[in-house]
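S.K.: Now for the letters of each chain:
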Amino acid sequence: MPRLKIEDLERISEQQKKAMSLRAGAGRVKITVHMGTCGISAGARKIMSQVMSCVEKSGASDIIVTTSGCAGFCSREPMITVEIIEQAPVKYVDLDEKKLNRIFEEHVMKGNIIEEYALAVGSERAL
Amino acid sequence: MSALDSKAEMERRPGGYRMHLMLCAGTGCVSSGSYKIKEALEHELARHDLTKEVAVVMTGCNGFCAQGPVMVVMPDEIFYQRLSVKDVPHLVEEHMLKGRPVEKLMYTPPAEKTVVPKMSEIGFFGKQRLLALRNRGLIDPEVIDEYIARDGYKALARALSKMKPEDVVKEMTASGLRGRGGGGFPTGVKWKTCREAPGKPKYVVCNADEGDPGAYMDRSIIEGDPHSVLEGMVIAAYAVGSSKGYIYIRHEYPLALERLEKAIEDAREYGLLGKNIFNTGFDFDVSIHRGAGAFVCGESTALMASMEGRPGEPRAKYIHTVEHGLWDRPTNLNNVETYANVPLIILRGAEWFTSIGTGDVSENPWGGSKGTKVFSLVGKVHNTGLVEVPMGITLKEIVFDIGGGIPKGKKFKAVQTGGPSGGVIPEDLLDLPVDFDQLTKVGSMMGSGGMIVMDETDCMVDIARYFIDFLIGESCGKCLPCREGLTQISALLNDICNGEAKEDTIELLEELSNTVKECSLCALGGSAPNPVLSTLRYFRDEYEAHVRDKKCPAGVCKALITYSIDPEKCTGCMICKKNCPQNAIFGEKKKAHTIQTDLCIKCGICRDMCTYDAVVVR
Chain F
1 MPRLKIEDLE RISEQQKKAM SLRAGAGRVK ITVHMGTCGI SAGARKIMSQ
51 VMSCVEKSGA SDIIVTTSGC AGFCSREPMI TVEIIEQAPV KYVDLDEKKL
101 NRIFEEHVMK GNIIEEYALA VGSERAL
Chain C
128 MSALDSKAEM ERRPGGYRMH LMLCAGTGCV SSGSYKIKEA LEHELARHDL
178 TKEVAVVMTG CNGFCAQGPV MVVMPDEIFY QRLSVKDVPH LVEEHMLKGR
228 PVEKLMYTPP AEKTVVPKMS EIGFFGKQRL LALRNRGLID PEVIDEYIAR
278 DGYKALARAL SKMKPEDVVK EMTASGLRGR GGGGFPTGVK WKTCREAPGK
328 PKYVVCNADE GDPGAYMDRS IIEGDPHSVL EGMVIAAYAV GSSKGYIYIR
378 HEYPLALERL EKAIEDAREY GLLGKNIFNT GFDFDVSIHR GAGAFVCGES
428 TALMASMEGR PGEPRAKYIH TVEHGLWDRP TNLNNVETYA NVPLIILRGA
478 EWFTSIGTGD VSENPWGGSK GTKVFSLVGK VHNTGLVEVP MGITLKEIVF
528 DIGGGIPKGK KFKAVQTGGP SGGVIPEDLL DLPVDFDQLT KVGSMMGSGG
578 MIVMDETDCM VDIARYFIDF LIGESCGKCL PCREGLTQIS ALLNDICNGE
628 AKEDTIELLE ELSNTVKECS LCALGGSAPN PVLSTLRYFR DEYEAHVRDK
678 KCPAGVCKAL ITYSIDPEKC TGCMICKKNC PQNAIFGEKK KAHTIQTDLC
728 IKCGICRDMC TYDAVVVR
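In order, the protein sequence lines correspond to chains F and C. In this text, residue positions in the first sequence follow my numbering: the first is 1, and each later residue adds one. In this text, residue positions in the second sequence follow my numbering: the first is 128, and each later residue adds one.
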């Protein structure tokens, strides 16, 4: 990585936004597994490997899998956020591998939100 | 936020505006540029002289993130979607000035397909406002580019290229940001003192030695967004004139440490740490110092002693560390959350920051509490987790709206803030607005942000004993009042809990607590008796019940309670009998059982097992 000049920030920001944004063509679905200490102790690593194996089995190439830190709601971990292009992100809580399989089949692959596992749609208020 | 919520929000904000532009400030819309839209709107409104008629209001997420940035115009309830800055002049002229909604930007929200609520409708998230945690759950903390994509290191670029160090200090002072580690000292004032202190080199240190039981704000910030802390530190270093920084982090936080190390490495490769940052000639680098798990090392002088390789013992503070700190050099020490706020203030300005929070800091930096505070909400509440709320929110909103109230239908008793150095706040003070000064006024403190909720089954004497025993273990032993005083306080509390206290024990406890408070060397000892003093202040009757009536009203202190079975409620299901480790429960199937008191060790298993609520503790 080269040393940055001030002008480089904007360029990296734009590039990275494209790489992260479904609207900009990064993919069709983004799955974020929340992996803070709280999530990991509640089983987020297992959820992560299950997500990876679901993606592999499905053969889909338009699913982005990524990790992030604690989403705040520690008592409801493990937690993932599923975002499908042109739709608001959905947070799923209290997950186990069985629930995850269903979310993957129904929501990620077919676009149907599993209401009983979902906590909320949308995002938090920032700034 | 639905149209209805927008209406309610608008009605809460009168002021003679004929029109409100409710612009989404959800994390989704913010990343697609809603603050740029806000600036453009305000600019255009001013150009048309409409600022007195039309107000721009930032709202919570309305769940249409994919169409963001979205804006609802009230009272017309017209939704605009995917706004861009170049749409704004036309939009303002047509809709706000001439009253003709712009159809090509309009959006009809689809009929609700699902019953899944929106984030802003979930009590836990609805009242939060994310500043320090602005990137939580959104970025991969190990990818520096993702931080940059959310305006990361932009504040540093601005500070280094457009501001003099004095300007940075001035901006921080004007923002009214106060130390989030608990002290509440104005950050700008500290930076100014450090900048002006004679002696070189100067150091910038980050206190990540988070030690309060039940508190984990700093851990979560570092784990979720380590670059925000680094960026804050580099800005601080520029402001005070330092080229070397340290992060003092607890050994017990392996994941935070791992992510911090990765962040430092990446920042160095990008030249955001090291020599000649952004080619401005400014040098600064950071090293990590791992603490060995002593609570007292969160105290500034002990922390620095420990970094120098000496035992982590505090010294008297009439000489400030900001002038004579690490290796006797001027040292600026701030907490993790404080640093995480810094880039935002530089980027968005002090004026924006002061629009959130309580009081007025324009004349006096102690005049209010600005911004937000992160709390770890734990204990007897439905929703436990990390919450970031604007200063001035009431305790009731935190415990009941965000926390979701007390589980199992139990009654709220008190909330403990400020960790072992803080105090309890009883039910009749639940409407208290949470800020530095209000919490201090009622005998507690902001502290680093631990918030432990207690219900009617928590004994206040026992709670005080818990904290005192924690502090005995953590006292460094250097000064007598803290070392011996706390041990004696604990002995008195034990007497009370065991029913062995005399009439004058409470008075003696109070006197001793005040002595320890006044005579201890450092803040740890000085605030150590707070759990006793504040429980005495609000729950004296509970102490008296222990001493005079030999009863523990909460049913916790074993020496003062007896277990029995209510024959009316008992169905004779045998579960308690089977599970009693002492075989102290007698009775036949389908007939009321009894507990033989002299065999009972009061372990509480029968009460936990009973599904009929028949086990009575008195």
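Hints are computed from structural coordinates only; laboratory data are not their basis. Possibly wrong hints are sitting among the right ones.
Quick list of simulated restraints, FRET-style, between CB atoms [as the list claims (entries may be wrong)]: (1) 739(C) with 101(F): 52 to 62 Å; (2) 86(F) with 731(C): 33 to 43 Å; (3) 7(F) with 410(C): 14 to 24 Å; (4) 420(C) with 49(F): 55 to 65 Å; (5) 701(C) with 97(F): 35 to 45 Å; (6) 234(C) with 60(F): 27 to 37 Å; (7) 97(F) with 523(C): 51 to 61 Å; (8) 179(C) with 25(F): 51 to 61 Å.
In this text the structure is predicted, and so the values were computed from the model without any measurement. From the three backbone atoms N, C-alpha and C, an ideal C-beta is built for every residue, glycine too.
S.K.: Run every hint past the structure and note whether it holds.
M.R.: Checked hints:
no. : hint                           : in the structure
1   : 739(C) with 101(F): 52 to 62 Å : violated (38 Å)
2   : 86(F) with 731(C): 33 to 43 Å  : violated (54 Å)
3   : 7(F) with 410(C): 14 to 24 Å   : holds (21 Å)
4   : 420(C) with 49(F): 55 to 65 Å  : violated (32 Å)
5   : 701(C) with 97(F): 35 to 45 Å  : holds (37 Å)
6   : 234(C) with 60(F): 27 to 37 Å  : holds (29 Å)
7   : 97(F) with 523(C): 51 to 61 Å  : violated (39 Å)
8   : 179(C) with 25(F): 51 to 61 Å  : violated (43 Å)
The structure shown violates the earlier hints numbered 1, 2, 4, 7 and 8.
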